[in-house]
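4 protein chains.
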Amino acid sequence: MSLDNQLVVVKTSKSKYLAVIDVEKEFITNEGKFSFSVIKNIPSKIHSSTGVEFKIYHPTYKEFVLLMKRGPQIIYPKDIGQIILEADIHKESNVLEIGTGSGALTLYLLNILGTAGSLISLDVSRKNQRRAKKTIDRYMSTNNFKNNYNLDFITTSLVDFNYKEYTEIVDTVVTDVPEPWEFFENNIVTKDLKWVSYLPSISQITKFNDVLINNKFENIEVKEVILRDWVVDKKIVRPSNKLVSHTGFIISGRYIKY
Amino acid sequence: MSLDNQLVVVKTSKSKYLAVIDVEKEFITNEGKFSFSVIKNIPSKIHSSTGVEFKIYHPTYKEFVLLMKRGPQIIYPKDIGQIILEADIHKESNVLEIGTGSGALTLYLLNILGTAGSLISLDVSRKNQRRAKKTIDRYMSTNNFKNNYNLDFITTSLVDFNYKEYTEIVDTVVTDVPEPWEFFENNIVTKDLKWVSYLPSISQITKFNDVLINNKFENIEVKEVILRDWVVDKKIVRPSNKLVSHTGFIISGRYIKY
Amino acid sequence: MSLDNQLVVVKTSKSKYLAVIDVEKEFITNEGKFSFSVIKNIPSKIHSSTGVEFKIYHPTYKEFVLLMKRGPQIIYPKDIGQIILEADIHKESNVLEIGTGSGALTLYLLNILGTAGSLISLDVSRKNQRRAKKTIDRYMSTNNFKNNYNLDFITTSLVDFNYKEYTEIVDTVVTDVPEPWEFFENNIVTKDLKWVSYLPSISQITKFNDVLINNKFENIEVKEVILRDWVVDKKIVRPSNKLVSHTGFIISGRYIKY
Amino acid sequence: MSLDNQLVVVKTSKSKYLAVIDVEKEFITNEGKFSFSVIKNIPSKIHSSTGVEFKIYHPTYKEFVLLMKRGPQIIYPKDIGQIILEADIHKESNVLEIGTGSGALTLYLLNILGTAGSLISLDVSRKNQRRAKKTIDRYMSTNNFKNNYNLDFITTSLVDFNYKEYTEIVDTVVTDVPEPWEFFENNIVTKDLKWVSYLPSISQITKFNDVLINNKFENIEVKEVILRDWVVDKKIVRPSNKLVSHTGFIISGRYIKY
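Residue numbers (this note's numbering), protein chains in the order written: chain P, 1 to 258; chain A, 1 to 258; chain Z, 1 to 258; chain D, 1 to 258.
Excised from the complex, chain P in its bound form:
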């Protein structure tokens, strides 16, 4: 199997890099360089001409997301687990994602949604969606997934989105956009639906909480995940000094058609 185009972590004693293998190119760092063509297996160890050891292996989802180039709006891994839980997503869920963005959450959803589940991902930017698709395909082929995924993109602004035709399919909505209330300007929910929105500010949460109540959602909860990293060395055991203090709040609710 050719290793070309596979995603790998390149790890030295000091740093981690994310790379896409291109057998005609070199990988160059401050600590030395090597030609991708010397990689024969993944995982493996290779050495630069100056003797630096590079470990090569496939990234986990978390490494992939944390190391990939990104815009400002990327969702943090620490919140993703909680979003999935609050949204009650499982392998057979049929999810509408509002805000494809970088595709980081899209990819995570496709890691979970199996052959009996499906994902529709909405974004105003076709460019975002094309980039997300590329990201997803590279990750999936690198990780050698056996089954294909069910993903459709919708390219529209949220305020112009017509939910009606998706009512029968979708059981769960997840949003990562600044104004999720735009959904409700032209749409009403009439069938069982779980909803989770990820919002950076408590003022947005307060506003959207009102919108959910007005639209007869119940079991509304607001959560915030604070994740602490710990340093565990032989002599020293303490919380890390570095912390992503705040990323976003998670608001969840459920529309139940009695």
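Certain hints may be false.
Identical copies carry no separate label here, and so any pair may be met within one copy or between two of them.
Said to hold, decoys possible - Calculated pairs, PhoX-like style, for lysine-lysine (alpha carbon to alpha carbon, straight line, at most 20 Å):
hint, residue 1, residue 2
1, LYS207, LYS235
2, LYS40, LYS191
3, LYS45, LYS257
4, LYS191, LYS55
5, LYS146, LYS134
6, LYS223, LYS78
7, LYS25, LYS11
8, LYS33, LYS133
9, LYS234, LYS207
10, LYS234, LYS133
11, LYS11, LYS234
12, LYS55, LYS33
13, LYS14, LYS234
14, LYS55, LYS257
Hints are computed from structural coordinates only; laboratory data are not their basis. The structure presented is a predicted model; accordingly, all values stated were derived computationally and were not measured.
Got chain P sorted already, so can you dock chains A, Z and D onto it with the hints?
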């Protein structure tokens, strides 16, 4: 379809209860009672003879876990999302769970592991496993999953477990037992493996961290999830006064066979 | 010196109680009882007729506040240290406290404000102030403070308070009332002043933040103290499961007359 | 009154600086410069030749500590309030500080300890103590304290310190050194004493906890302060993204001579 044996949440204006429908019985609370046989659809609303309204609907995973009767060792939903993420689990993972316990984590794993994935769950207690199986089957049939799940139980103490025969199948280990280091007393890891352990005390973490290092695991990280609930009312927006302050630490590492 | 009327902690192997010594009475607990008259020194150990050991000692401020009977509005010790710091209070500060309440914060301020400092404490309830005075005097005499304190009470609603006559004396305001903005309805600040308010809800903080800005305060900061208790035993080292998750936010600002 | 040698904050629309006024010098920043001699009052506003406005005012303790040049070991303001509370320090306490260090905590203690209290500060480095003294005097004269302070320095390594002669004076010990257990190598406590140590790592806490127990201290508690900053703007209300995640743990105990 008969509603008998289905899991439901019974919700009043004051409380939530978890119930298993038994059409020959009544459901009795401080706020009133009703006969299960009056439930014709799920979801639906019914009324007690004294006029109390009961909402009946299927539980989310989180409601199910938080409302079910439990022993002391149950894993908290707030940690489950993070465990899945740190273990890099997706629908095609092949997971060994050490510590079936109440089956709460087992059930969550089966919500994610699809037709191309599989789960082996180890526990010293066959009783735990029988109870977990019952819990899982009731939840799965209630939620009307289309595909079956791939689950095998192993009944043994961890110190007597022979990992060798599972080496080729398993790519991920998740533990929720107090002494995960017992695994390494009679086993060595020789193939790529992701490992996550959930432990209540930092002293256990320190000890197991050493064991992972000695067994050549890398990318070891220790995390702690602090989840804050927020109260969002018309006039009042503040963190909830109630909080599960501490449940456990999550230690993750990866064995990579270069 | 008579021990009558002194504040003591009565500690057994299981519990801590706060008591006021009354040599004509008995102290009765589930674990046994004793007559106060048997206490000859503080600290000391005494035994009940059934052999239970009671340790008797003077409370710290924190023990006193946490053990004393209280209404709903008491300020938590964890926040008091931060309030003092944010308000920049030292032994020579001249403080206006808005909201005498239970007197817990009043007492702490008097623990710090020395002979060259002073405290004015405002409350709408004369009853609160009488009770606070009694609390303070008992604590001070128990702890055998050498110097007296400078404390004046003002009994008025905040909206009716005329700040003008205190402008030259007060350099710092600390409030523990739900609507500190009432101060600014009939008063303006024209001289250097440090201000700290303690408020339970972020919606109150948002409102008061606007009021401080409109009144030309600067260096405005909003803080929240999360205090974690740790359990440190021989084998177990972990955060406590119990936590006061949320008490209040602290907003501070400074009026500077250039 | 001459303003020479006074501590001031120099604040622009973008930054805050700490300065010591030297009327023969200029203050130079990226945003412009001015001659200290143009400052006629504190607080006041002055303008650079290029029209930049500088606000000049006296620092609060917190601004002083956060802006002053510092070595690695400085104690964070967020922990200082809690240390004072846990140590039960008031204006009449007689405190032994182990670890003068930068003098930041020494200064805070002197802000509280009044004419009836006293401070002894121990450090192995006379240089530290001289620098601390200078810091304290400049801060005190800038803030125009009326009463003098009671401070003695002891210059010795902790392991060589002979506590015996201080037993009758000291009622409270506060330490900010990495190995507070050295105190107990050659000393025993025989009289009522409150003790608080500030330590960065939970492994140090575990070790010192044992030492306190062996020396018959009781009421031992371990705390950790997590301080969250909030951003409160017109539209945005959220926790700050920046956070000092971890600084140290606070362990407190009390020796009671029954």
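Notebook entry, point to check: Out of the numbered hints, which ones does the structure contradict?
Noted result: When the structure is compared with the hints, numbers 8, 10 and 11 turn out to be violated.
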